[in-house]
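For chain A, the structure is supplied; the task is to place chains B and C on it using the hints.
Chain by chain, the residues:
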Amino acid sequence: MTVNIGQAKQTQTPAARSTSVFDRLIGGEFQQLPVFLSLVLIWIVFEILNNSFLTSRNLSNLVLQMAEYGLLGVGETLILLLGEIDLSIAAVSAIGGAILAVLAGNGVNPYVAIIAGALSGTVLGLFQGFWVTVLRVPSFIVTLAGSLAFLGLLFVLIGQEGTVPIMNNTINAIAGNYLPDWLSWVLVAVALLLMVWTAVRDRAKRHQLGLPPKSAASTWTKLILSAAVMIGATVLLNAYQGVPIAGLVLIVFVVLLAWICQSTGFGRHIYAVGGNAEAARRAGINVKGVRIMVFTLAGTMAAIGGIVGASRLGAASTASGGSDLLMDSIAAAVIGGTSLFGGYGSVWNALLGALVIGSIENGMALLNAPTSTKYLVEGAILLLAVTFDTFTRMRRKQLGR
Amino acid sequence: MAKKTWKKSATWMAAAAVVTGIVAGCGTSSTNSQGSTSTGAASAVNAHPSVKIAFLMPETNTSPRWEYDDRPDFIAAMKKLDPNAQVIYANAQGSEATQLQQVESAITEGAKLLVVAPVNGFAATTIVTEAAKAHVPVISYDRLIQNAKVDYYVSFNNVEVGKLQGEYIAQHTKKGGTVVMLDGAETDPNAKQFAQGAHEVLDPLFKSGKLKLGYEQYTPNWDSQQALTEMQQALTRLHNHVNAVLAANDNLAGAAIQALEQQHIKGIPVTGQDATDAGLHRIYYDGTQSMTVYKPIYEEADAAAQLAYDVITGKKPPASLVNGTVNNGATNVPSVLLQPIVVTKSNIASTVIKDGFTTWARIKNPAEQQ
Amino acid sequence: MATEVKTQPVLEVRNLRKRFGAVQALDGVSFSVHAGEIVALVGDNGAGKSTTIKMIAGVEQPDEGDIVFEGQAVRLTSPAVAEKYGIQTVYQDLALCDNLDIVSNLFLGRELRRNVIPGVVRVIDRNEMERRAIPVLNELGIRLPPLHTQVASLSGGQRQTVAVARSVLWGSKLVMLDEPTAALGVVQQRAVLELIQRLAASGRAVLVISHNMSDVFKIANRIVVLRLGRTVATFDREQVTPEQVVAAITGASAQEEVTS
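Protein chains in written order, with the UniProt record's numbering: chain A, 1 to 401; chain B, 1 to 370; chain C, 1 to 260.
The following block holds chain A by itself, in its conformation from the complex (with noise of 0.2 Å):
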């Protein structure tokens, strides 16, 4: 990094490019990579254990594993991303998926139940995005209160039985139907084209504003990269039944809010906050709105990934809402990368954390390995990962100073 700001002149400086591999990886477009490896050295391990685990049929069942606490990790990375926590998302899961379930087997059309269940989030996240902003009630008081409150609520709506069974062919077509493989595969030429044509045009837009290029490299790696995941995911899952609703379900919601969170000026205002909420005030961004807009966001999502979870289950269960749904999904926002302090981190992370996190237990599950074991491989991977959060964030203000 050069320090001469005397300079006449605005360039680029060719010396930004001498810092190490390493700290390109942990500063800036590939902070993905690490996790991207662990996963590989995980699917490695867990291959050589058992020759099962590599099966198109076995990856089917992790994307049908890991689709609902994928969708919760989701909401809670932007949460994070505030430096905020919500500990309720399990819980609104479970109301999202109990409104489901008890709407539809009162003959409810699916549809309206669906979206009913979603809503359900929505106001929940709502109502606590509210008493975090406004009343300035500590997010994690609000959200704890929250998920003791939702699960009395959730056995409200269960009643007695503590179980209702969804009977709809609708609803739980998301979590047990698939895609047509022709139709997958319209929907992968679709997205790379998407892809090749915005950084197409995105290159000229630069070349004729007179700005400089971004690297040629950096941007064809990522595409060939993503074309290569995508292309290698829909194979080997159309080899078994096809890619499961529920997957493709999360795969939307991660590029709808990865895209919120890079694109638009409401993900950049839940970064500035995140990083200095003093600066974006004083910048003149609306906090309060981008803290109860984000709850409002991560109690849908929970909601949302409750439908798929009671899709899944064919039922919902005054059990949904406990358990290991909440840390499951905290852990694979943070196992992605994205940092509790705020600021740092990014959707994408979040679905690569949910493929470590559901790896692991669909792992652990195929080698009937006892639950002490498996928690005792997650609580690591969690430790390391957070160590490793907090000593890319040292390095960071190291390269700054």
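Hints listed in this document are in silico derivations from the structure and should not be mistaken for laboratory results. None of the hints are false.
Straight-line alpha carbon distances no greater than 35 Å define the calculated DSBU-like cross-link-like pairs of lysine-lysine that follow:
1) B:Lys192 / A:Lys374
2) B:Lys266 / A:Lys374
3) A:Lys205 / C:Lys84
4) A:Lys374 / B:Lys175
This one's a predicted model, so the numbers in the text were calculated from it and none came from an experiment.
For chains B and C alone, coordinates are given in the frame of chain A:
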């Protein structure tokens, strides 16, 4: 333990505790018998004009049964035995301290016998010592008070539940078939007893090779999502060669069936427990679940009432009632161990329906709110 | 004794007073800043420098006294109002988002957007933001790493530069800088001072708070000394020695109430 899934959420149910606290939280409430005229049939008990029994329940948070089943059933049974009997009812709302307080005030009010379902079986010895000081006998109800000189214990036989499930699997699985066992929450002592009973039946068959144990896993918190993942992984691991599933309760059974259906595996025995509406629906309408174990609560309440009446009137309870002993670490507690009932498609009408435990309408559509 | 400037001052404050509970924070602060001029506001801790700046920035409101901006008495009821008049403040803590890149910080809260689906979907137009930033940076001779570099990885001087550049980008007429060279290395200090001089040379009025006497003497046209919430001296840099200024700051000198 009627609904295992309620259990894990006990701590979360702050809201419900507040609500029900208004009803029962302020201590004990007496249910007095009305009228004091004695009929001829009741003249025998006139020698004990003030038969007072305390019926002390643990909580309302995780299962509504204590409030809505045990309480009315016990009081009705007691009245039948002695119309003048007074039942002091109290619910501890999940607090060990509250329960101890309720025990003390029940004794102060003149209770001659305590029927107690402890909040925590391992932290209830003081209840027994307090009662012993006042020479008040204690019947441990549904949950056994550990490490104390309890006079009697009334409960369904948890080991027997597991045995019934194991026997069903043993009888209905093809020779050499592979069994998957989903045992429930490792932290729940009842789950361990279910598994113990099942293993007592199945282990000899596993040893002789008549059956194979393909996969066995505890499910933290009885979480169905977790159970679904476990079942999917069991099927992957065993390449779908699964011929029976011993699921400890109906919720686990539901999850297992979901995974089986994904692999289009049908017609294999799947056990359950609790006779939930969803489970009964799968048994009667879908045919995907084979059986469930039903534990009629009124039998438990009746037995406790009969036992209490016998003890208080100085009769020795018949051996037909007190049919066993259970060691609780301090003594062999004479026990009434009730037989759970296997419910299959053929006897739904004569069991759960006849008892009013559920209705056909609810079995047909378990999602419909009552 | 200061050079007589014919033009109307960009900013003039008259007899500002402010009381916080029992503390009289300001007890008569008066000075002016002209276009193209660098005025240094100096004084001991607690002399009222920060409170003065906050009032001009619209963060605090005076109990008494006037703030006259371009000849008009103004009421700066909030930072937004102050910004509307063209008053930009570079705070000591810089108010940058470390986790965002340079462009995003330059345009923080004022992102340029373009329509994807008109009226429905609008996205941030990064390229346009970069295009607009470059002439401003060039005008001030600012040299920075690529604009997509995260601010966290910038040096202290570069961060200061970003903060200053942001104030300029938004059409400021008066830029206030709070301790701009604190915590910087020697080379970076020099660069920042040069930047401040170019800021003034571009026709903006500049008000600098500083503890560093050598900085003050390098760049300021005039030096306003505050003590105990009061303007005690206004010096023309050409006609004063650091010793005299220090004496005014500490109150050791009798040479008070020098008028400009």
